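Participant: When you get a sec, could you build the whole thing from the sequences and use the hints?
Letter by letter, the chains look like this.
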Amino acid sequence: MKLKRISLLAVAVAGVVAAGSATAGATFDAVKKKGFVQCGVSTGLPGFSVSDDKGNWKGIDVDACRAVAAALFGDASKVKYTPLNAKERFTALQSGEIDMLPRNTTWTYTRDTSLGLNFAGVNYYDGQGFLISKKLGVKSAKELSGAAICIQAGTTTELNLADYFRANKMEYTAITYDSSDETIKGFEAGRCDVLTSDQSQLYALRIKLQKPDDAVVLPEVISKEPLGPVVRQGDDEWFNLVRWSLFAQINAEELGVTSANVDEKSKSTDPNVQRLLGGEGVKGEFLGVGDKWAYNIIKQVGNYGEMFERNVGQGSPLKIERGLNALWNKGGIQYAPPIR
Amino acid sequence: MAEPAPDLTRPARPSRLTDPKFRALVFQILATLTVVAFLVYIVHNTLTNMEQRGISTGFGFLDRTAGFAILQSLIPYSETSTYGRTFVVGLLNTILVSALGVVCATIIGFVVGVLRLSSNWLIKKIATAYIETFRNIPLLLQIFFWYFAIGFNLPGPRQSIAIGESVFLNNRGLYVPAPVFGEGFGWTLAAIAVAIVAVLVLAHWARRRFELTGQSFHTVYVSLAILLGLPLLVFVATGAPLSWDMPALQGFNFRGGLTVIPELFALTLALSIYTAAFIAETVRSGIQSVSHGQTEAASALGLRQSWTLRLVIIPQAMRVIIPPLTSQYLNLTKNSSLAPAIGYPDLVAVFAGTTLNQTGQAVEIIAITMAVYLTLSLVISLFMNWYNKRMALKER
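Residue numbers (our numbering), protein chains in the order written: chain A, 1 to 340; chain B, 1 to 396.
No lab work stands behind these hints, which were simulated from the structure alone.
From a predicted model like this one, the values you see are computed outputs, not experimental measurements.
C-beta atoms are modelled at their ideal positions from N, C-alpha and C, and glycine is treated no differently.
Check each hint, because a few of them may be wrong.
[Stated by the list, open to error] Covered stretches of chain B, as calculated for chain A (at least 3 residues, CB under 8 Å):
hint	stretch
1	53–60
2	68–81
3	204–213
4	249–263
5	331–345
Facilitator: Dropping the structure here:
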C-alpha cells in the first residue's frame with residue numbers, strides 16, 4: 001500500500017521531470033478535446049469527496065468538478081476521478097495528471113505563490129478544531145497542555161497546532177499518521193487524547209467512530225482554513241471557467257434560482273436572473289462555453305445552498321450549520337462578484 | 001644489442017578500425033556520453049519546466065523554519081528548527097529502527113534457524129510454523145497487527161502497569177527513569193574505556209599463549225571482572241555522581257524519564273520478526289551445507305559438542321550465510337520506510353512526508369530521500385562484503 005503510494009508519487013515526479021512545456025490555454029483545450037474533466041479528490045472524506053459502493057463519487061468537492069463539466073460540456077457526469085492523499089495532491093496537479101484539484105485544500109500564501117498553482121475560489125470556509133473523548137472532562141482547548149494529539153500528515157493542521165500550543169505556552173506530543181483512517185484508529189485505540197483536524201473533517205470522522213456520542217468537538221477554532229479548487233498556473237481560460245462555475249452557483253442561491261425552479265426562472269423578467277441564465281446581455285463565449293453554461297450547472301448540480309445542504313448540511317449525516325458559509329446577506333461570508 | 005630481423009611473413013599493423021581493443025574503447029566512450037547527455041537533458045528540462053510553471057526550485061528551503069512537531073528525536077529539535085534539521089531527525093530515526101531491527105532479526109533468525117534443525121520433533125515443528133507464518137504474511141499487515149494489538153490491549157496512562165515505583169507501561173509507551181550524569185562522571189567513562197582496552201590486550205595475550213603453549217586461560221571471567229570492577233571502583237571513589245529522572249503522572253501523561261514510544265516498539269518488532277523468518281532459512285541452509293562428516297571427524301578428535309558447533313560448523317556455515325544475510329539487512333532497512341503507516345517519524349514520514357507537503361518541492365526531496373536509501377544500502381553492503389572477505393575460506 002505504502003510502496004504503491006510512493007511509486008505513485010515517483011511517477012508523478014517523473015511526470016514533472018519529463019513533461020513538455022505548457023502553453024497558455026493548454027488545459028482548457030486539452031480538456032475540451034478529451035471530453036471529460038480529470039478531477040483530483042480525497043481518498044474518502046464524507047461530505048467532501050467519497051465514493052459509494054457502486055463507485056459513484058459524492059460531496060461538495062466532487063460537485064465543484066461536476067459544475068465545471070456541466071458548464072463546459074452541458075453534462076455534469078463527464079468527470080473522471082483520481083483519489084489522492086494529502087502528500088500526492090500538488091504533485092499530481094503540477095505534473096498534469098489531473099486538471100483540477102478540489103480536495104479540501106487550504107488556500108495559503110506559500111501554496112498560492114511557490115507551487116505554480118492558483119486557487120480559483122473558496123467553496124468551504126473551515127477552521128481547525130479538536131475532537132476529544134467526553135470522559136476526560138475537558139471543556140476548552142486551553143486545558144490541553146501535555147496532551148498527546150493525533151494528526152494526519154502533510155496538512156496545514158500540523159503547523160497550526162504547533163503555532164497554537166507555542167502561542168499559549170503549552171506542551172504536546174504529536175502522533176502523525178499517513179491517512180485519516182489510521183488517525184481515527186489511533187484515537188480510538190487511546191494512543192492520543194485528542195484528534196485535531198479541520199472542523200468539517202472532525203464531524204465527518206466522528207461518525208466513523210464506533211461510539212460517536214463518546215466524543216465531542218471543542219468550541220475553539222484555532223485557524224482560518226479557506227478550502228477551494230486549485231488549478232495549474234499558466235492557463236487563465238481554465239482558471240476563469242473553474243472560478244466562475246463556483247460564482248454562478250453562489251449567485252444562483254442569492255437570486256433564489258434552484259435546480260427545481262430554474263426552467264420557470266428562465267422566463268423571469270429580472271435582468272440579474274436573465275444574465276445568469278444566458279437570456280440577455282452577457283454571453284458564454286467570454287468563458288469559451290455555450291450561453292446556457294450557468295443554466296446547466298444549476299439544473300444538474302444545483303445552487304451553492306442546495307449543494308451545501310445535500311452534502312454536508314441538514315440533508316446529510318454530518319448536519320453542519322451554514323455558519324461562515326451562509327451568504328453574505330444571511331450572516332455568512334460567501335460572496336460572489338456579479339454576473340454582468 | 002642487435003635489432004631482430006623484421007618478420008616479413010606477418011602483414012603490416014592492422015587498421016585501427018579493426019582493432020577490437022580500440023573499438024571497444026570507442027563504444028564505451030559513446031555509451032557514457034549518451035548517458036551523460038541524457039541526464040543533462042533531463043535535469044535541464046525539469047528546471048526549465050518548473051521555472052515556466054512558477055514552481056520554486058533549489059535547496060534554499062532547507063534553511064527555512066519547519067514549524068511542526070516531531071514525535072521522537074534523537075537530537076534537540078523544536079518547532080523553530082529548520083527543514084534541514086527535520087531531515088537529520090528523520091534520518092537518525094530511520095537508522096535507529098533499522099539498526100535495532102538488524103540486531104533483533106539476526107538474533108531471532110539464528111536461534112530459529114538452529115531450532116529448525118533440532119532433533120526434537122516439537123521444537124522443530126514450532127520453528128517451521130514460525131517461519132512459514134511470518135514469511136508469508138505481508139509486512140504492512142504485520143506492522144498494523146503489532147501496533148494496534150498493543151494499542152488496544154494496554155491500559156491508558158492513568159491505569160498504567162507499574163513495575164516497581166519507577167517503570168510504567170501504558171498505551172502511550174514504556175516509561176523508564178533517565179540517568180542524569182553529575183559532575184565527575186567523566187572519570188567513570190574514562191575507566192570504562194581503560195577497561196575495554198585492558199580486556200582487548202588480555203584477550204590477545206591469552207590467545208598467543210594458547211597458541212604457543214597450549215595452556216588455556218579463563219579470559220571470559222577475568223574480562224568480566226575487569227569490565228565491571230574497574231568502572232564501579234572509580235564510580236564509587238568519585239562519589240557516585242549519578243542520579244535518576246523519574247517519570248511521574250502529570251495531567252494527561254507521564255512526564256520526565258525516558259519514553260520508548262509504541263510506534264518504535266511495534267515497527268522494530270514487526271521488522272525483526274518478519275526478517276528473522278528469512279534469516280532463519282538462510283541459517284538452516286548454511287548449516288546444512290556443512291557435511292555431516294565434519295561433525296563426526298570433530299567428535300572423533302574428542303572435541304566437545306559446543307566446540308564442534310563453534311569451531312567447526314559455524315565458521316564454515318557463515319561462508320554460505322553471509323551473502324544472503326546482506327540482502328536481508330538491505331531489505332529490512334528499505335522496509336523501514338513503511339513507518340508512516342503507524343506514525344513512526346522516520347525519514348519518509350518526516351522529510352518525504354510533512355516537509356515535502358509544506359514546501360511542495362517534491363523533486364528535490366524525493367531525490368534526497370532516494371540518495372539516502374541508496375547510501376545506507378551501499379554502506380551496509382560494503383561492511384558485509386568486508387566481513388564476508390574476512391570469513392571467506394583462506395587457502396594456505
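Participant: Against this structure, judge whether each hint is valid.
Facilitator: Here is what the structure says about each hint:
no.	hint	result
1	53–60	holds (count 4)
2	68–81	holds (count 5)
3	204–213	violated (count 0)
4	249–263	holds (count 7)
5	331–345	holds (count 7)
Checked against the numbered hints given earlier, this structure breaks only hint 3.
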